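K.L.:
Chain by chain, the residues run as shown.
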Amino acid sequence: MSTLTLLAEANGSNVIAAAKAGDLAAFEQLMRQYERMVLVTALRLLGSLHDAQDASQEVFLKLYRNLGKVEASGNISGWLYRVTVNACHDLRRRRPDSVPMEDAGELRSREADPAEQSAEQERRCVLQLSLRMLSEKERAALVLRDLEGLTTEEVARVLGSSEATVRSQISKARVKVKGFVERYFRRHV
Amino acid sequence: MNCTDWEERLALYAGGDLAPAPAAEVERHLAECAGCQMFASGLRASLELLEGAHQEVPAPAHFAAVRSRVLAQLERERRPFWRRAWVYGFAAVAAMLLAAVAIWPSRWVAPPPPEVAIVHAPAAPVPIVPARPPQAGHKPRKKAEPGEPLMVRLVTDNPDVVIYWISERKGEY
Numbered sequence: 001m002s003t004l005t006l007l008a009e010a011n012g013s014n015v016i017a018a019a020k021a022g023d024l025a026a027f028e029q030l031m032r033q034y035e036r037m038v039l040v041t042a043l044r045l046l047g048s049l050h051d052a053q054d055a056s057q058e059v060f061l062k063l064y065r066n067l068g069k070v071e072a073s074g075n076i077s078g079w080l081y082r083v084t085v086n087a088c089h090d091l092r093r094r095r096p097d098s099v100p101m102e103d104a105g106e107l108r109s110r111e112a113d114p115a116e117q118s119a120e121q122e123r124r125c126v127l128q129l130s131l132r133m134l135s136e137k138e139r140a141a142l143v144l145r146d147l148e149g150l151t152t153e154e155v156a157r158v159l160g161s162s163e164a165t166v167r168s169q170i171s172k173a174r175v176k177v178k179g180f181v182e183r184y185f186r187r188h189v
Numbered sequence: 190m191n192c193t194d195w196e197e198r199l200a201l202y203a204g205g206d207l208a209p210a211p212a213a214e215v216e217r218h219l220a221e222c223a224g225c226q227m228f229a230s231g232l233r234a235s236l237e238l239l240e241g242a243h244q245e246v247p248a249p250a251h252f253a254a255v256r257s258r259v260l261a262q263l264e265r266e267r268r269p270f271w272r273r274a275w276v277y278g279f280a281a282v283a284a285m286l287l288a289a290v291a292i293w294p295s296r297w298v299a300p301p302p303p304e305v306a307i308v309h310a311p312a313a314p315v316p317i318v319p320a321r322p323p324q325a326g327h328k329p330r331k332k333a334e335p336g337e338p339l340m341v342r343l344v345t346d347n348p349d350v351v352i353y354w355i356s357e358r359k360g361e362y
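Heads up: the protein sequence lines correspond to chains X and Z, in order. According to the numbering used here, the residues represented by the first sequence are 1 to 189, in order. According to the numbering used here, the residues represented by the second sequence are 190 to 362, in order.
Worth flagging that the hints you see were computed from the coordinates, not collected in a lab. Predicted, not measured: the structure shown is a model, and the values here were computed from it. One or more hints might be untrue.
As the list claims (entries may be wrong) - Residues on chain Z that point at chain X, a partial pick, calculated with CB under 8 Å:
{"#": "1", "residue": "Asp194"}
{"#": "2", "residue": "Glu196"}
{"#": "3", "residue": "Leu236"}
{"#": "4", "residue": "His243"}
{"#": "5", "residue": "His251"}
{"#": "6", "residue": "Ala261"}
{"#": "7", "residue": "Leu263"}
{"#": "8", "residue": "Pro348"}
{"#": "9", "residue": "Val351"}
{"#": "10", "residue": "Ile352"}
Quick reminder that beta carbons are idealized off the backbone N, C-alpha and C, glycines included.
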């Protein structure tokens, strides 16, 4: 875990204590601190912004009800990643027929240039399609390791697997993604 | 060793997931294998593409929507019991009123049972006959005199039960 994350978590402990005492403004501050992490991870795992918002809502409600446990564990990011992965898994079982690709246009574009926007849209499309090709476990491992930047050990802890299993899932996922990206650009360029 | 056997290690090497010793072994192989060099550069390019696309985040409105949904839910749960109770109380009273309205008309509509006199009669069955003797020939039936009671005696299958129906209305049964 990065030093920045650890520092943020140290500052966040006061906010957690206030939220635990029933201060909703403090809890809102806590949500703002972790909302990008939770919503974007859920979006990568589910492929649909609408589903990702539902999963994020469940995650933050669980966080509020378990503030005591989270405070005691001292690792809010790890706890949130684990709960997010589980919430996405449950949502996927409840809604197996989600249509994810329509969300590509929902994302904010940082550049106003239409050519750049189009390139970004294509990258988003490639990202979503390549993640969709992976099995649920491979996807979770790749998203946490390569996109969210967790270490293999942290990914193993979040997914409740061994490091060897995670390594195997990550390597398979990377080879599959490489194959897909090359096929995609051979076809579209 | 076939280059396919290197794929897994190359994939781990591309993401920096190999320990120093196996990483050095992969580097030695890469130095002498053009095919694996291409494979490794393809892996790095696809990872960079994914990482770049992952930096783009949803618009702030999507985060705000989640926040407001969560806070609204928590506000609802935190409302004191008596403030939630009146809603349930109102719903219960409304349900009772609806049930009462649904049941009440059936009491009004139900006609009172006909007043019949049950008398013990002789066992012989008797046909239904008007109280007055029948007129000879086929003449139009004489209207009952005003105030004159009309009596109908019904004989049932049970020889012990005979029903008398006495109407005091003028010419009506």
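K.L.:
So which hints don't hold here, by number, going up?
P.N.:
Numbers 1, 6, 8, 9 and 10 - these are the hints that the structure violates, sorted from lowest upward.
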